[in-house]
Amino acid sequence: MMSSFNKMTRREIEAYIVDKREKMRKSEMMGIENEYRVYERQVLIAESYLIDLSQIEPGKIYKIVSNEDFYFKVEYIKGVFAWGFYLGGNDKETGIPVSMLQLSRKG
Numbered sequence: 000m001m002s003s004f005n006k007m008t009r010r011e012i013e014a015y016i017v018d019k020r021e022k023m024r025k026s027e028m029m030g031i032e033n034e035y036r037v038y039e040r041q042v043l044i045a046e047s048y049l050i051d052l053s054q055i056e057p058g059k060i061y062k063i064v065s066n067e068d069f070y071f072k073v074e075y076i077k078g079v080f081a082w083g084f085y086l087g088g089n090d091k092e093t094g095i096p097v098s099m100l101q102l103s104r105k106g
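Heads up: the sequence shown begins at 0 in numbering that gives the first Met the number 0, then just goes up one per residue.
Please keep in mind that the hints were generated in silico from the structure rather than gathered at the bench.
For clarity, every value in this text was computed on a predicted model and none was experimentally measured.
Restraint-style ranges between C-beta atoms, simulated for each label pair:
no., residue 1, residue 2, range
1, 24, 50, 20 to 28 Å
2, 5, 30, 30 to 38 Å
3, 88, 10, 35 to 43 Å
4, 13, 90, 34 to 42 Å
5, 29, 56, 37 to 45 Å
Calculated lysine-lysine pairs in the DSSO-like style (CA-CA distance at most 27 Å, straight line):
no., residue 1, residue 2
6, 72, 62
7, 19, 62
8, 91, 77
9, 72, 91
10, 6, 22
11, 59, 77
12, 62, 77
13, 77, 6
14, 19, 6
15, 91, 62
16, 59, 72
17, 77, 19
18, 91, 59
For every residue, glycine included, the Cβ atom is placed at its ideal position computed from N, Cα and C.
All chains, please: the whole structure from these sequences, using the hints.
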């Protein structure tokens, strides 16, 4: 049984991500879309634990990583999820892993 991400070291989380990305690659090669999506979501959540949450400002609008046409306005952070609204969306509050937000690089 795997321990929760908040009890894992950075190195353990990175190893988990590598493992899931390999499983994503294999699923993609075999054409198993739903399995690929499950692994993709697991990677996004794991990556969220590696992000400094102080970089995310409530009320600010962020681009969604790997999808240049979508923007997300963060209302608040709960755990490793940003809650808010997609711009031009259906106005329904949504929670997304913080790893989906394109954050400015420091340094």
